[in-house]
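Throw the hints in and build the complete structure from the sequences for me.
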Amino acid sequence: MRRPVAVRVVGPTQWVLLPTLAVAVVSLILATPVKLFGFSLPEVVLPLTLAFAWPLIRPSVLGPVMLFVLGVYLDLLWGGPLGLWSACLLAVYGGVLASRSFLAGQETRVLFAWYAVCTLGAFALAYLIVAIRAGNPPSLLALFWQVVPTLLLFPVSAWLIERFDDGDTRFR
Amino acid sequence: MAFRDGPFENLKLPLVWTAAGLVVAGIAASVMLLVTDSHSRDGTGPIAPVRAGFTAGAGPLGGLFAAPVRWTGHVASYVGGYFNAVEENRRLRRELEELQPWRDHAIALKNVNTRYEAMLGLRTEPPVPMATARSISEARGPFVNARLIDAGSSRGVRVGNPVVNEHGLVGRVVGAAPNVSRVLLVTDVTSRIPVLIDRTDARAMLTGDGSGNPRLEYVRGQDAVQKGDRVLSSGDGGGLPRGVPIGVVARGIDGSWRVKLFSDRGAIDYVRVMLFEDFGQLADPEALNAAPLAGLAAAPPPTPAQAAAIADAQARRQAAAEAAARRPAPAPATTQTPPPPPPAPPATTEGPA
Chain A
1 MRRPVAVRVV GPTQWVLLPT LAVAVVSLIL ATPVKLFGFS LPEVVLPLTL AFAWPLIRPS
61 VLGPVMLFVL GVYLDLLWGG PLGLWSACLL AVYGGVLASR SFLAGQETRV LFAWYAVCTL
121 GAFALAYLIV AIRAGNPPSL LALFWQVVPT LLLFPVSAWL IERFDDGDTR FR
Chain B
1 MAFRDGPFEN LKLPLVWTAA GLVVAGIAAS VMLLVTDSHS RDGTGPIAPV RAGFTAGAGP
61 LGGLFAAPVR WTGHVASYVG GYFNAVEENR RLRRELEELQ PWRDHAIALK NVNTRYEAML
121 GLRTEPPVPM ATARSISEAR GPFVNARLID AGSSRGVRVG NPVVNEHGLV GRVVGAAPNV
181 SRVLLVTDVT SRIPVLIDRT DARAMLTGDG SGNPRLEYVR GQDAVQKGDR VLSSGDGGGL
241 PRGVPIGVVA RGIDGSWRVK LFSDRGAIDY VRVMLFEDFG QLADPEALNA APLAGLAAAP
301 PPTPAQAAAI ADAQARRQAA AEAAARRPAP APATTQTPPP PPPAPPATTE GPA
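Chains as they are written, first to last, in this note's numbering: chain A, 1 to 172; chain B, 1 to 353.
No lab work stands behind these hints, which were simulated from the structure alone. None of these values were measured; they are calculated from a predicted model. The beta carbon of each residue, even a glycine, is placed where N, CA and C say it ideally should be. You may find that some hints are simply not true.
Claimed, not checked - From the structure, some residues in chain A lie toward chain B, with a derived Cβ separation under 10 Å: (1) G63; (2) A87; (3) L120; (4) L153; (5) F154.
This is how it looks when you write it as structure tokens:
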């Protein structure tokens, strides 16, 4: 008699909801006003990693909705203009979704290059919106110090893609 | 009839197109939010209550999550302080030697200043009450520089109150919930602070740009600014008290005048909110807009002595008028005659006449 094999279904809870929650909590922790050995904690835009990974894992309805929610959450947490980061995150999601057929199966280096392009595009959009609203362009040096740590988050995106790409057996 | 048995049985939308449609709808909603939210950062606008609610909820939650990080920071600070104790001790001794003559000088100047104020009858600004608070979370990116502090409207904090630390100006309150407030730092891209240069009394505008050193713009006068000049708040516009220390002038990489902030000299974990009220807050608009004689309706009735004095004055005026009427009119003359003397003052001095 064959014993039944437990099949672990990887659903939206694993690759959408839990990462969303993790990103929200880590963003909250990174907003702590503490200095370690004279340096402040980095202020990275963590949801950009999800906006890049989710369309490559699988197009979904939940992804854009969660990105919109995360964008509004970041704006409220940081006190920025409401709608700024939701627009930028969804722009990245849309861009990766449009180039999905090209990116599928590419090497990690190609994915990183596209991640860098998307990140720079998102920050350029945010820079433009803030400069127009405030009538005062933000410092490019300060922008650099937020872009670089965000670029260094690419391994999070790569891990998500590797872990969950086609992980849902219902889509095989 | 189940949905799958209806006319939509064979309707299948590709998932990519569904996601793309949601992306477009989400971007449109974001743009609408951006347009609607144009005024909520100064405490007004339709989304301001949403921000206040989120701030009230995120404040304690942020404090809870931040506690381990804060403890780690304290440990790191303790260890760093232990290793740097000798160097710091030497530096502090040197500073103490430099500052002791300044302390004596300041005491003498304060004494002279107090005497001058008394002699000239100057109306100096009253002392401003303070509320001490701790930072809960902060945004330090290029687009937003703000902090949440754990003091709110329940402790008298209001939108517009200046926030300082022991070194100088940190920012001002832009949102106040009952127990949490949001402080817009002077480095934020939307921050504008009217300042003066201490040496020349020249006025300028301190404009944040997301970097650590805000720009000095609209500097009036020729050679009004030099490297190393102290920058203070000018108090223009009434939003800040005059004379709050802000920083010293320095040249930026781009050649513009910038300010090295005094508040950066120490951690701004703990700040003080100045419960300062500008002229706009002090003035009662209803009292200003009241009719000129509206106060008479609320005036108390005269005392018997005052009533007698008023009646006496009326009788004297009436008698003087009758005497003037009985007097014959003077004949026309070519030479100008002096005017008649004024009537004698009333005999009584009790009460207003």
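Hint-by-hint comparison with the structure:
no.	hint	verdict
1	G63	7 Å, holds
2	A87	4 Å, holds
3	L120	14 Å, violated
4	L153	15 Å, violated
5	F154	19 Å, violated
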